[in-house]
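These protein sequence lines are chains A and B, in that order. Under the working numbering, the residue at position 73 of the first sequence is numbered 73, and the numbers go up by one with no gaps. Under the working numbering, the residue at position 266 of the second sequence is numbered 358, and the numbers go up by one with no gaps.
Where hints are given, some of them may not hold.
Distance windows between CB atoms, simulated [to be verified]: (1) A:45 <-> B:385: 35 to 45 Å; (2) B:495 <-> A:45: 53 to 63 Å; (3) A:72 <-> B:156: 43 to 53 Å; (4) A:51 <-> B:496: 56 to 66 Å.
Calculated directly from the structure, the hints in this document are not laboratory data. All values reported here derive from a predicted model rather than from experimental measurement. C-beta atoms are modelled at their ideal positions from N, C-alpha and C, and glycine is treated no differently.
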Amino acid sequence: MNIDEIFDHTSFTIDREAHIVLDYAVCTGCDNRGCVNSCPAKCYTWSGEEQKMTFVHDGCLECGTCYVVCHRNAFTRWRYPRGGFGVAYRMT
Amino acid sequence: MSKTYQAIVVGAGPAGSSAALIMARAGLDVALVERGTFPGEKNMFGGVLHRLPALEEIFPDFWDRAALGRHIIKKSVTFMTGDSSFSTVIESGNFDKTPYNGYSIFRPRFDNWLAQEAVKAGATLITRATVDDLVYKDGKLAGVSIVGRTGELLAPVVIAADGVLSFIAKKAGLRQPTFNPAQMAVGVKALIDMPREMIDDRFGLVREQGFANEFVGCTAGVRGGGFLYTNYDSLSVGLVFHLASLRVSGKTPYDLLNAFMEQPQLAKMISGGRLQEYSAHLIPEGGYEMIPELVGDGILVAGDAAALCNATGLNLEGINLASQSGVLAGKAVIEAHQNRNFSKQGLSVYKKLMEESYVIKDLKLYRKAPHMLHNDRIYNEYPELMCSFMEYIYRIDGAPKENLSKLFLKSAKEKVGLGNLLADGFSAWRAL
Numbered sequence: 001m002n003i004d005e006i007f008d009h010t011s012f013t014i015d016r017e018a019h020i021v022l023d024y025a026v027c028t029g030c031d032n033r034g035c036v037n038s039c040p041a042k043c044y045t046w047s048g049e050e051q052k053m054t055f056v057h058d059g060c061l062e063c064g065t066c067y068v069v070c071h072r073n074a075f076t077r078w079r080y081p082r083g084g085f086g087v088a089y090r091m092t
Numbered sequence: 093m094s095k096t097y098q099a100i101v102v103g104a105g106p107a108g109s110s111a112a113l114i115m116a117r118a119g120l121d122v123a124l125v126e127r128g129t130f131p132g133e134k135n136m137f138g139g140v141l142h143r144l145p146a147l148e149e150i151f152p153d154f155w156d157r158a159a160l161g162r163h164i165i166k167k168s169v170t171f172m173t174g175d176s177s178f179s180t181v182i183e184s185g186n187f188d189k190t191p192y193n194g195y196s197i198f199r200p201r202f203d204n205w206l207a208q209e210a211v212k213a214g215a216t217l218i219t220r221a222t223v224d225d226l227v228y229k230d231g232k233l234a235g236v237s238i239v240g241r242t243g244e245l246l247a248p249v250v251i252a253a254d255g256v257l258s259f260i261a262k263k264a265g266l267r268q269p270t271f272n273p274a275q276m277a278v279g280v281k282a283l284i285d286m287p288r289e290m291i292d293d294r295f296g297l298v299r300e301q302g303f304a305n306e307f308v309g310c311t312a313g314v315r316g317g318g319f320l321y322t323n324y325d326s327l328s329v330g331l332v333f334h335l336a337s338l339r340v341s342g343k344t345p346y347d348l349l350n351a352f353m354e355q356p357q358l359a360k361m362i363s364g365g366r367l368q369e370y371s372a373h374l375i376p377e378g379g380y381e382m383i384p385e386l387v388g389d390g391i392l393v394a395g396d397a398a399a400l401c402n403a404t405g406l407n408l409e410g411i412n413l414a415s416q417s418g419v420l421a422g423k424a425v426i427e428a429h430q431n432r433n434f435s436k437q438g439l440s441v442y443k444k445l446m447e448e449s450y451v452i453k454d455l456k457l458y459r460k461a462p463h464m465l466h467n468d469r470i471y472n473e474y475p476e477l478m479c480s481f482m483e484y485i486y487r488i489d490g491a492p493k494e495n496l497s498k499l500f501l502k503s504a505k506e507k508v509g510l511g512n513l514l515a516d517g518f519s520a521w522r523a524l
């Protein structure tokens with residue numbers, strides 16, 4: 001099974017407004033960044049070269065892993081998407 | 093414009109819909125608020141739906157009406173390494189007789205069905221509504237506000253059944269403001285499409301029979317385990333990881349899931365299938381110690397929001413506990429309406445009912461299990477020990493045999509150490 005395709009099989013209704021907002025300065029100063037490997041949806045990418053965190057909310061599975069593993073509370077916002085938006089499971 | 097109800101339930105999962113159902117049946121005007129476009133849209137689980145005594149009581153034909161899958165007649169535990177596995181299987185005639193012990197289900201179907209039963213009983217289901225905050229009037233809890241909507245939903249009492257992260261319980265000051273990653277697990281799951289006849293043949297099933305397999309040793313040393321469940325014409329395959337362990341491992345859930353699905357024995361089970369959906373969800377696995385305050389002024393907490401999940405390593409229970417707690421919370425609200433007392437003291441009968449029920453009794457009994465399961469050897473060394481020992485037993489190649497008990501002690505000494513073996517055995521004995 002090609003793991004890169006795994007994310008393509010889940011449906012989303014994407015909200016323009018992000019339901020999770022990060023203070024990237026906190027991520028830059030973080031010694032852990034467990035979000036990058038723990039997020040099951042690959043939403044967090046850390047670039048060592050640029051010393052920069054990138055977060056994309058589009059493919060978020062709304063599981064809350066980042067909310068729990070982040071010990072710096074880098075979130076200026078962490079809530080569920082507005083009603084009707086976000087991940088839509090069909091048969092799981 | 094605001095609208096007033098006699099009770100608001102936040103979250104139309106098993107806890108919320110059970111609560112709404114029993115309150116609506118008692119004649120209360122109930123709002124059941126759900127952030128998905130339909131109940132169950134946001135939910136997944138990797139598990140088996142067990143008996144739901146509280147719902148069966150109010151709903152004698154529950155199991156004939158519910159949206160269910162196969163009933164589980166065969167359960168297996170597999171100790172797995174990179175290229176071998178050792179399984180125990182129990183298949184019982186009793187598991188094939190009604191009332192069945194467990195079913196595979198799809199949450200988007202089951203949760204929706206249960207919520208619709210609450211609607212039939214008279215509850216008002218409000219979908220596409222993410223609750224933003226609790227609303228207070230004159231110092232008293234008065235309702236909830238919805239993200240992106242003007243107006244409020246008002247009621248003298250709110251049941252927080254808003255799931256594992258329960259922001260409602262946090263806002264009411266009933267749970268700790270931050271979670272401990274050591275008390276949380278994340279599950280990831282691939283739904284794999286497969287023709288029904290292929291599933292029946294491959295797993296030895298007939299009629300509506302189903303199979304559930306748990307795996308240990310398949311997580312590359314991260315604390316956790318795997319599962320495979322048969323649906324009618326698909327397989328649910330996934331892994332669960334303790335978050336504290338996953339975080340420091342540097343490994344990703346999807347790479348580990350991929351490696352699990354490529355393990356030779358598992359690959360054979362799923363070959364010929366087609367990936368259909370990928371999902372993830374958190375599981376509160378802290379057990380009894382993790383349960384927040386269940387009751388506050390004007391508010392009760394039920395289901396995952398109250399961390400009601402029993403993970404002993406052998407069974408994983410959650411929906412049954414959620415549903416039970418929802419019914420009991422609903423009963424407490426019905427009583428509070430009779431007495432017109434929605435204070436913490438007026439609602440405290442919920443806590444009492446919970447303590448008398450199997451929910452709190454079981455969680456108390458297994459309160460040491462979460463700690464016992466925080467032992468890395470369970471996820472690596474023991475599966476290796478089991479597989480290599482069994483392989484030795486069955487290997488007949490002309491090499492002179494060794495005494496088996498001596499050999500077992502020798503390999504146990506090598507792989508885990510005898511002191512550890514004794515300590516782990518004792519810890520498991522005490523926890524279970």
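Consistency of the hints with the structure:
no.: 1; hint: A:45 <-> B:385: 35 to 45 Å; verdict: holds (38 Å)
no.: 2; hint: B:495 <-> A:45: 53 to 63 Å; verdict: holds (55 Å)
no.: 3; hint: A:72 <-> B:156: 43 to 53 Å; verdict: holds (51 Å)
no.: 4; hint: A:51 <-> B:496: 56 to 66 Å; verdict: holds (57 Å)
Against the hints set out earlier in the document, no violation occurs for any number.
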